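Asker: Each chain, written out:
There are 2 protein chains.
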Amino acid sequence: MDDDRIPPHPDPRDVTLQQILEALVDPVRRSIVTQLRAASADIKCGSFDLPVSKSTATHHFRVLREAGLIRQYYQGTARMNALRRDEFDAAFPGLLDAIVAAERVPA
Amino acid sequence: MDDDRIPPHPDPRDVTLQQILEALVDPVRRSIVTQLRAASADIKCGSFDLPVSKSTATHHFRVLREAGLIRQYYQGTARMNALRRDEFDAAFPGLLDAIVAAERVPA
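The listed protein sequences correspond, in order, to chains W and E.
Under this note's numbering, the letters of the first sequence match residues 1 to 107, in that order.
Under this note's numbering, the letters of the second sequence match residues 1001 to 1107, in that order.
Hint data in this document are derived by calculation from the structure and do not stem from the laboratory.
Keep in mind that a hint or two might mislead.
Some chain W residues flagged as far from chain E (calculated, every beta-carbon gap over 12 angstroms) [unchecked claim]:
#1 PRO7
#2 GLU22
#3 PRO27
#4 ARG37
#5 ASP49
#6 ALA57
#7 ARG62
#8 ARG71
#9 ALA82
Estimated spans, in silico, between C-beta atoms of each pair [stated by the list, open to error]:
#10 W:GLU66 with E:TYR1073: 38 to 44 angstroms
#11 W:PRO10 with E:ARG1062: 21 to 27 angstroms
#12 W:ALA90 with E:GLY1046: 37 to 43 angstroms
#13 W:SER55 with E:ILE1006: 42 to 48 angstroms
#14 E:ARG1104 with W:ALA78: 49 to 55 angstroms
#15 W:THR77 with E:VAL1100: 23 to 29 angstroms
#16 E:PRO1093 with W:ALA78: 35 to 41 angstroms
#17 W:GLU22 with E:GLU1066: 16 to 22 angstroms
#18 W:SER55 with E:SER1040: 49 to 55 angstroms
These figures come from a predicted structure and were not determined experimentally.
We put the CB at the ideal spot given by N, CA and C, even for glycine.
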């Protein structure tokens, strides 16, 4: 994590529910979280299945990082993304599970 | 419920997560839900503790009603509000509990 290409990450306990809901109200950002949660490993920025441009995706990753939901780090030149599931669940019990489960409910 | 002063209410199972998050991303609307959840009885529109005008509050009640979160009905001339907790929990298990619990987390 000692890499000055990546800005600092907040402690999820310092993030407000308001900030989390503003992050997760966007369907592209929920898709990033859902893809990370379903994956068996961290995912590099370019490897998500997203309907937006690279620069727009970069913005969405930043919002999720600042909301305490993902951790970003470099592996060589690739920026990787990890869901901060345990830390987030400890700060907001049940919230991520409930939202991911609700995403699957047929409309 | 057979009162033409109140528009129809959706079945919470027909509401999307997107619509629910758009409803609950607003702090005034979360406050309405939280007050209803903490109350021992339904609450009339004029009796909530809200930092907005009556007409703005009316808008917020409508958004919550259309998201399947509250049921509105008349008691005489008073428009009452009830949290559709059981129906909503059946459609979106754990979601309301997690959000209300998260609201209490100190920022």
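Asker: Now look at each hint and say whether the structure bears it out.
Answerer: Going down the list of hints, with the structure as the test:
1. Non-interface status of PRO7 (chain W) relative to chain E is upheld: no Cβ of that chain comes within 12 angstroms, the nearest being about 20 angstroms off.
2. Non-interface call for GLU22 (chain W) relative to chain E: violated, since the shortest CB-CB distance, roughly 6 angstroms, does not exceed 12 angstroms.
3. Under the 12 angstroms C-beta cut-off, the non-interface status given to PRO27 (chain W) relative to chain E is violated; the minimum distance is some 6 angstroms.
4. With a closest Cβ-Cβ approach of about 15 angstroms to chain E, ARG37 (chain W) is found to remain outside the 12 angstroms limit, as its non-interface label requires.
5. Under the 12 angstroms C-beta cut-off, the non-interface status given to ASP49 (chain W) relative to chain E holds; the minimum distance is some 18 angstroms.
6. With a minimum CB-CB distance of about 19 angstroms to chain E, ALA57 (chain W) clears the 12 angstroms threshold, and the non-interface call stands.
7. With a minimum CB-CB distance of about 18 angstroms to chain E, ARG62 (chain W) clears the 12 angstroms threshold, and the non-interface call stands.
8. No Cβ of chain E approaches the Cβ of ARG71 (chain W) within 12 angstroms, the least distance being about 20 angstroms, so the stated non-interface status holds.
9. With a least CB separation of 22 angstroms from chain E, ALA82 (chain W) remains clear of the 12 angstroms interface cut-off, as annotated.
10. One distance hint, 38 to 44 angstroms for the beta-carbon pair GLU66 (chain W) and TYR1073 (chain E), holds here, with the actual separation near 41 angstroms.
11. A hinted range of 21 to 27 angstroms for the beta carbons of PRO10 (chain W) and ARG1062 (chain E) is inconsistent with their spacing of about 35 angstroms.
12. For ALA90 (chain W) paired with GLY1046 (chain E), a C-beta distance near 40 angstroms keeps the hint of 37 to 43 angstroms intact.
13. A hinted range of 42 to 48 angstroms holds for the C-beta pair SER55 (chain W) and ILE1006 (chain E), which are about 46 angstroms apart.
14. For the pair ARG1104 (chain E) and ALA78 (chain W), the supplied restraint of 49 to 55 angstroms is violated, since their beta-carbon distance comes to about 39 angstroms.
15. Separated by about 43 angstroms at the C-beta atoms, THR77 (chain W) and VAL1100 (chain E) break the suggested range of 23 to 29 angstroms.
16. The beta-carbon spacing between PRO1093 (chain E) and ALA78 (chain W), approximately 37 angstroms, falls within the hinted interval of 35 to 41 angstroms.
17. Between GLU22 (chain W) and GLU1066 (chain E) the beta carbon distance is about 20 angstroms. The supplied range of 16 to 22 angstroms therefore holds.
18. Against the hinted window of 49 to 55 angstroms, the Cβ-Cβ separation of SER55 (chain W) and SER1040 (chain E) comes to about 51 angstroms, which satisfies the hint.
Hint compliance for this structure: hints 2, 3, 11, 14 and 15 are broken, all remaining hints hold.
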